[in-house]
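Work out the full structure: start from the sequences and follow the hints.
Residue 159 in this note's numbering sits at position 156 of the sequence shown, with consecutive numbering throughout.
It should be emphasised that the hints constitute simulated quantities derived from the structure, not laboratory data.
Check before you lean on any hint, since a few could be wrong.
Here are the in silico distance ranges between beta carbons for each label pair [unchecked claim]:
no.	residue 1	residue 2	range
1	THR162	ALA209	39 to 47 Å
2	ALA186	TRP34	20 to 28 Å
3	ALA8	GLU205	38 to 46 Å
4	GLU205	LEU11	53 to 61 Å
5	ARG119	LEU14	31 to 39 Å
6	LYS219	ARG193	14 to 22 Å
7	ILE310	ILE128	18 to 26 Å
8	PRO295	ASP208	26 to 34 Å
DSSO-like mimics (lysine-lysine), calculated; alpha carbons at most 30 Å apart, straight line [as the list claims (entries may be wrong)]:
no.	residue 1	residue 2
9	LYS9	LYS287
10	LYS243	LYS81
11	LYS243	LYS9
12	LYS243	LYS211
The C-beta atom is built at its ideal place from N, Cα and C for all residues, glycine as well.
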Amino acid sequence: MNQVAKYLPILPVLLAYAILFALGHTVSGTWQLVATLLFYCALGQAFNIFLGMTGYVDFGYVAFMGMGTYGMALAITKLAHVPELGAVVIVIGFALALLMATLLSLAVGAVALRLRGAYFAIATIGVNEGFRFLIEGARIWNGAEGMIFTAQLNEILGTERASRLMTYWADVMVLVIAVLAAAVTLFYMRNRVGYALTALREDEDAAKVMGINVTKYKIIAFITSACFAGLVGAASWALKTPYVFPPEVFEIHYTVEAIIIVMLGGAGTLLGPLVGGLIYGISKYYLSIFLPGLQLLVFAPVIIVIIIMFPEGVVGMLRQRTRNTVLGRFIV
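Structure (structure tokens):
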């Protein structure tokens, strides 16, 4: 019974995503907004596994999303001529996205995770930009010209099914990825990995003295977070907009958005990325409608005020106020 009880905090997450999904289906004209919110929530859930649980800020995080996008793009372009595979190509694309994101995270983690603080952040920025210019300069995967694979996707699935995939099913896949990322986060939080990462985040040197292999657990969080980023890139970029260009998929502002989402909701919490994604997504969407051209001018001070008022994030504040209550059991 206790084993079941410790995973009960996943219920508010599932309920929130179910409500979002239902709104997109029942309220006319809201699916595009819901799809945007799902993307930001999934991005926050994935990024929180590393930033929230270790305290390390990875400014090159978007590189893993870019690798996931390329993984799906390569699978579609290289296997479109095999009619026997059909929709299995999409499954292969996700597998390749996972593989490529994992390999890059292993390469980056082997070097960058030896650094701390600002040095780690600077190193990850360098990796992101360096990898982008390597692709463009060495003309890897068509270089700066990118890859457009709408025709191949139509060939694999047919025009109607491909259109449905781009306008609906890709967003559903992002929803599934967000839920899986939240489930993995809770699993880590309730097991040895989470306890080790909490000790690491609070005081890395003290954690080492206690006998915790901090490098091992940092790598686990880093690779897990990178894998989910690759899946998000494959679904929300490669399948939703079937083209890939290096300047877009390695654009650092997606990493900045992920940081804002996690900090708004509450770093290291389960509900934080979901709440932060909703606040950020809804604010950005409606400000761009009602104050076009001025949304960033208004949005920046709003974010600053929220972070000052809730330094531990919105969910961090709620967790403190509901501690030792029945509601507090579900807010972690």
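Run through the hints listed earlier and report the numbers of any the structure violates, in increasing order.
1, 3, 4, 8, 9, 11 and 12
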